[in-house]
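**Q** Quick note: the sequence shown uses the numbering used here, first residue 3, plus one each step.
FYI, nobody ran anything at the bench for these hints, they're computed from the structure. We put the beta carbon where it would ideally sit given N, CA and C, even for glycine. Hints are supplied without guarantee of correctness; some may be wrong.
Said to hold, decoys possible - Restraint-style ranges between C-beta atoms, simulated for each label pair: (1) Arg155 with Arg178: 28 to 34 Å; (2) Ile9 with Arg224: 54 to 60 Å; (3) Val216 with Glu8: 48 to 54 Å; (4) Val216 with Ala190: 15 to 21 Å; (5) Pro168 with Ala190: 19 to 25 Å.
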Amino acid sequence: MISRTEITDVERHRPRLFGLAYRMLGDAHEAEDLVQEAYLRWYQEDRSAIDSPEGWLVRVTSRLAIDRLRRARTERMAYTGPWLPEPIADPADGPAELASDLSVALLVLLERLAPEERAAFLLRDVFDAPYGEIAQTLDRSPAAVRQMVHRARERVRGGRARFDVPGDVQERLLHRFLDALHADDQEALLALFTPDATFTSDGGGKATAARNVVHGADRLVRLFLGLQRKAPEGMTREIVSVNGAPALVTRVGGQPYAVFSFATDGERLVAVYTTLNPDKLGRIER
Numbered sequence: 003m004i005s006r007t008e009i010t011d012v013e014r015h016r017p018r019l020f021g022l023a024y025r026m027l028g029d030a031h032e033a034e035d036l037v038q039e040a041y042l043r044w045y046q047e048d049r050s051a052i053d054s055p056e057g058w059l060v061r062v063t064s065r066l067a068i069d070r071l072r073r074a075r076t077e078r079m080a081y082t083g084p085w086l087p088e089p090i091a092d093p094a095d096g097p098a099e100l101a102s103d104l105s106v107a108l109l110v111l112l113e114r115l116a117p118e119e120r121a122a123f124l125l126r127d128v129f130d131a132p133y134g135e136i137a138q139t140l141d142r143s144p145a146a147v148r149q150m151v152h153r154a155r156e157r158v159r160g161g162r163a164r165f166d167v168p169g170d171v172q173e174r175l176l177h178r179f180l181d182a183l184h185a186d187d188q189e190a191l192l193a194l195f196t197p198d199a200t201f202t203s204d205g206g207g208k209a210t211a212a213r214n215v216v217h218g219a220d221r222l223v224r225l226f227l228g229l230q231r232k233a234p235e236g237m238t239r240e241i242v243s244v245n246g247a248p249a250l251v252t253r254v255g256g257q258p259y260a261v262f263s264f265a266t267d268g269e270r271l272v273a274v275y276t277t278l279n280p281d282k283l284g285r286i287e288r
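Could you put together the complete structure from these sequences and hints?
**A** Written out as structure tokens, the structure is:
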């Protein structure tokens with residue numbers, strides 16, 4: 003028989019486990035299912051031999067996520083157009099496990115890592131797990147894990163540079179972006195993007211979206227002005243905190259239509275990630 007105290011004690015780890023699973027998979031629904039599977043295994047386990055329930059749950063969640071990510075790689079190869087992680091609107095009182103290093107830009111960069119590399123990188127750099135604990139999780143030596151984390155960092159940094167930009171600075175940039183867009187001001191928009199800025203959109207074959215990444219500030223500005231002129235009647239826009247950063251959410255008839263997440267260097271926008279696939283908009287609430 004499991005006591006209520008034991009259940010309460012072990013359930014307090016759920017936010018951390020979800021944060022790990024979501025960062026591994028980029029899919030909130032699958033992350034929840036995976037965490038629930040870890041708990042089912044916990045309740046079926048002989049817990050008398052487990053010294054650390056949290057460590058045990060983290061190991062099981064990591065291994066389940068690695069297996070699921072291996073299968074997902076094949077599925078994503080058949081995905082229509084670019085694949086982006088599912089955006090999550092941030093609750094005002096969300097746990098710290100969901101507030102740090104959750105940006106869409108980082109999750110996109112993590113896609114270049116192999117499943118075990120991704121787990122090692124997240125456990126070390128996001129959750130600050132000791133190398134010995136990660137080694138036990140991945141069934142590797144501590145030395146091998148150190149090398150794996152090092153390679154993962156290099157591969158992540160091989161993409162765009164990551165900038166620690168305060169939320170209020172990002173929000174001001176988005177307000178400038180909206181003002182220029184509403185004014186149909188091409189020059190003001192152009193000044194907001196770096197010359198090599200990119201635009202990635204995910205429609206999943208269920209919404210109209212660019213099939214390839216769009217490169218260059220000129221092309222991005224033309225694209226956004228074109229979208230503005232073709233916007234559905236009654237479309238609204240608002241700035242909402244999504245994945246730990248200000249994002250632009252558009253709605254039609256009160257329902258989420260698209261989520262625009264931005265990467266910035268603090269002065270200009272360097273990348274835009276747009277989620278249009280309706281299957282991925284369920285976590286965006288007013």
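**Q** Decide, hint by hint, whether the structure agrees.
**A** To see whether the hints hold, each was checked on the structure:
Between Arg155 and Arg178 the beta carbons are some 33 Å apart, a value that agrees with the proposed interval 28 to 34 Å. Taken as a hint, the range 54 to 60 Å holds for the pair Ile9 and Arg224, whose Cβ atoms sit roughly 56 Å apart. The hint said 48 to 54 Å for the Cβ distance between Val216 and Glu8, and at roughly 53 Å that hint holds. Against the hinted window of 15 to 21 Å, the Cβ-Cβ separation of Val216 and Ala190 comes to about 19 Å, which satisfies the hint.
The hint said 19 to 25 Å for the Cβ distance between Pro168 and Ala190, and at roughly 22 Å that hint holds.
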